[in-house]
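Chains as they are written, first to last, in my numbering: chain B, 122 to 422; chain Z, 12 to 224; chain W, -8 to 168; chain E, 176 to 566.
What the hints contain is simulated information worked out from the structure, not anything from laboratory work.
Source: prediction; values computed, not measured.
A virtual CB, placed ideally from N, CA and C, is assigned to each residue, including glycine.
Keep in mind that the hints are not guaranteed to be accurate.
As the list claims (entries may be wrong) - Now the stretches of chain B that chain Z is said to cover, found in silico as 3 or more residues with beta-carbon under 8 Å:
#1 155 to 161
#2 172 to 182
#3 325 to 335
#4 338 to 350
Said to hold, decoys possible - In silico DSS-like cross-links for lysine-lysine, where the CA-CA straight-line distance does not exceed 30 Å:
#5 Z:K186 - Z:K156
#6 Z:K156 - W:K152
#7 E:K373 - E:K428
#8 E:K428 - W:K(-6)
#9 Z:K211 - W:K136
#10 B:K181 - Z:K186
#11 W:K159 - E:K484
#12 Z:K207 - W:K136
#13 Z:K207 - Z:K192
#14 Z:K185 - B:K181
#15 E:K234 - Z:K215
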Amino acid sequence: MTFEWMKIPYSLLTLFIVLNYGLLMTAIIAKIGARAGRRIGIPFYQNYIDLLKNYALRSKITHGYMFYLGPVFRLTGGIGLLLFVPTIYGSEMFSNLSFSGDLILALYFIFFGTLGMALGAGESGSPHSAIGISRGLSQVTMAELPLTLAVFAIALQYQTLSVTEIVAAQQGGILHWTLFTNPLAVVAAMLAFLGSMMRPPFDVVIAPQEIPIGPPTEYHSAYLALMQTNRVIFPVAKIVIYMNLFFGGASSWGEFAIKVFLLYLFSAFVGVAFPRFRVEQSIRFFMIWAVPIGILSILLV
Amino acid sequence: MKEELEKRVVKGPDGFEFTVEPLQDYYCAEAPRAHLPVYSKIVEGLFNWARAESIWILGFGTGCGAIEMRPLMTPRFDAYRFGIQWRPTPRQANLLMISGYLSTKTLKRAIRAYEQMQSPKYVVGLGSCTINGGMYWDSYNTIKKLDDYMPVDLFIAGCMPRPEALLAGFNDLKKIIKADKAEGANKYAENFDWYKANQKSVIKDWDMPDYNW
Amino acid sequence: MHKLYENLGKIIPLGEMTLQRANLAFITLDRRYLRSALHHLRDVEGYSHLVLLTAVDWLEEDVFQLTYLLSNRTADMDVGLRVMLPRENASMDSIHDIWPTAATYQRELREMFGIDFPGSPRVNEEFILEGWQEIPPYRRDFDTKKYSEENFAHREGRVTKDPASHMKELLYPDRGQ
Amino acid sequence: MNYQPDRSKYPAKKADGTLDIDLTSGKYLKLWHGPNHPGITGNMSVELTVCGDEVVEGKVHVGYLHRGFEKLMERRSFIQCFPIVCRICVPEPDFNEYCYAAAIEELSGVVVPERAHWIRTMILEMGRINSYLMYLGGQAGALGQGVIGQWTTYVRDLMLDRFEELTGARIYHMFILPGGVRDDLPEGFKDRLEATLKEVDAVLKDVYDVMFKNAVFKRRSIGVGYIDPAWVDEYGITGPNARAAGVAKDVRKDQPYLVYDQLDFEPVVDHGSDIYTRADVRRRDVAMSVDLLRQILAKMPNEGPVMAKLPNVLHWQIPRGETYIRGECSRGEYGFYLVTDGSRFPRRVNVRGPSYTHAMTLLERMIVNTNISDIAALMVSLHTYPPEIER
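Chain B on its own, in the form it takes in the complex (with noise of 0.2 Å):
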């Protein structure tokens, strides 16, 4: 089959979509939080304004190649985590450049942006950085391993590594979806979902009280800002992937802005209401629990 360039300034445009609507969504999400601390928070479009002033900052200071690429790195896990993964089921414009085996590229990618923080964090020479890299790696690892085989049950329970074939078998109705399909798997997959997503009670990565404030420590102005452009892609591409496989997809903007706000707001709410594991406790949780998960999980199907 022939490549349609056609599809790039497609994907362009959905890449456009998703960080206008997470910059929103992150906001609102935080107004949410505020609210549970009984108080107004923040105006909803204060991610814009941070984004601005941060590439508005006139000193740059750099300490080293790394340094550089490390928020590139992290920008384009997020942007191909995007990219290789249908965004709208269905619609020809927004499939982006999905093809059949992105399954495996996407978990790739969800790896790609720490593994670039970390060597560019690791250059920085902050003893706050190294430290947060060594948690973080290992929590990222323990917390990716649960989602692995939850995505391995269901590749075997749908014959197909292709995103867009396993959310086409989950059309018609929302019993077909994989929630009710292969529960365990989905339990695995979110309990991985919280580990990644940087919130309590795993956030001790990037944790404020104790290594103020992780791998960023030395990071600022048009560096800090890239990272904020991903740090509000990052998340939405990987619901994406969770919404395909297990909630069904979304067939419209307005199906994904719902899926997509609910299930950021599960981990936000989980956040709000916790405090911090130590990085060898998560890892201890995830051990125990989400990990036999998932593996039952391959055995059952």
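The hints should help you fit chains Z, W and E onto chain B, whose structure is shown.
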């Protein structure tokens, strides 16, 4: 000079010997540079608006004033509404709150924190003791006139200033920034020698590089 | 309290005792007997809590007064031991082996009064001040006002009034000196 | 869980007892917590030497807040000392005022009217509640549970409103003068205070449900930061830190001052002696203070003077003498050691803050063998305020 800042030969864990000269390796010897507004009037106006609407404070409670910072961030006076929030690291902060008197020991740290912030950066002196020494006008350990040691954009008087006063002060600071008069960083870079002379006249044991990024 | 004074007096010679309250007394004693007194008070009499250790500078008599304040919680009794030291190159033996927390007090005294406590851990490290070059600030002959006027830049416009004369002008303006 | 240091990973000790740490070996890492650090309690700093995730040595550095109060007060007349004496300890300033006033009254023989005692007790208990509320928020925040701090600080603001209508100031009240208190209670103050106490009760219940029942909070705090009861006398531990270790140290009970002998209460004592127990003891202490305040409002005499007749304060000379006044503040035993020499100025004032021993020797002892992640929680659980260490 502190001994860990002196040039020395270090034997690495792999037995490989190498010389470390911290002033060269860890610090940048270059003096600060004034970053003048380069863009056109409209763009700078937009940028200043953004800077004013998202003020990130460095979470460094240098004195008693820090006790009123927490009510500032909590339900009664919710400063997040105005785009104000804390950043734990100086790299990402724009505003350094000198919350109350500065002992000479803290002044040294405050200077380091200030110099690590990225321009444009702002300083707000909080409480009477930053203006003229206040209660501690005859103390042997606190500075009396903050704006001799770092460029202060705004003073908030009172001992201690109430959170309402702080919010009003933030609004004034926003006005100053939007009128792009808050060029403290450039002022610091231009009169660098004068500030350094003042700082060294107070800090008797100057054991750090003159300018640390 | 007098009973304690007698018991202590049996083993070591004591100076005079001032009974401040029913449950607070200050006893003067010579520095040679301090450690034995502390041991006796802590192990026999049950004064097991070192409340504070501080110094008073009697410039006129040219002595430092070290005050070791001990407390007996169950009996609700406090006793303060006063030890007089000569001011020039004052030095006292450390008690950080009896109460580990005394090391901190001794560090402060070393820095703020210049009283040396040989053998106390980290006693010569800077504790509160940094790069201090004058005489120790808590001594009476150190004038903090003069120091601050000489060393710090002051902002103009501050007026200082003697409270007595100021109030006199305010209240009785008609009456002269 | 007991405290068993594992010396195996440790650096060898030098002759003078200090650890022999070779930073270039790449095994150890120096890490500074503070002074500019969100996890530090106030403006102090801890110099950590970590091996992996474990701390092998910690040195506490204070002095960033030193203003030289004890020197400044030596050149101010007795009444002039009052504006600055409350600045010594920010979160709970009333104890400085009370201890200093009581010391002056004892040395100069001023007799305080009965009603002033009650009002003083009420103010001290209100300040104690403020300080504890701040602590609870900090303890949860040190473990990453920010919402508790929001709730407690909100109620603390309500309490500060009561202070404001009573004294006219939020933080520094300057209300307790020698000879009594500055003014009588305003009209209808008791009802409004009662309303605020109801709010405190409500938030205490919320805090208990969300914080103390939380599985993650238990996992982080139970068994961490153990204080051996034998250390209590060695290190001069007082207050909740000692009470959580099973030693019922409470000056309000042991040496009743003001009107505490007329109030009915039992000090809160527990035996876990870890972070969780200390937090729990303090939470129950808040409840006790609320109860004490209700008793005070009920038993307080409604009429009577609140200020004694003083000599001319401008020429007030106090004969030579020395005394020590102590009180139980929210961190432990707070005391003033005052020496007068017959002149118009104090000869020597020494402030004995509880953090002085908690934050220095005790923390340096406890911080060894803890995980980096636990240090913030450990420091907060000792409830230290740097200003009273260095004054």
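- Item | Unmet hints by their number, sorted upward, for this structure | Nothing - there is no hint that the structure violates, so all of them hold.
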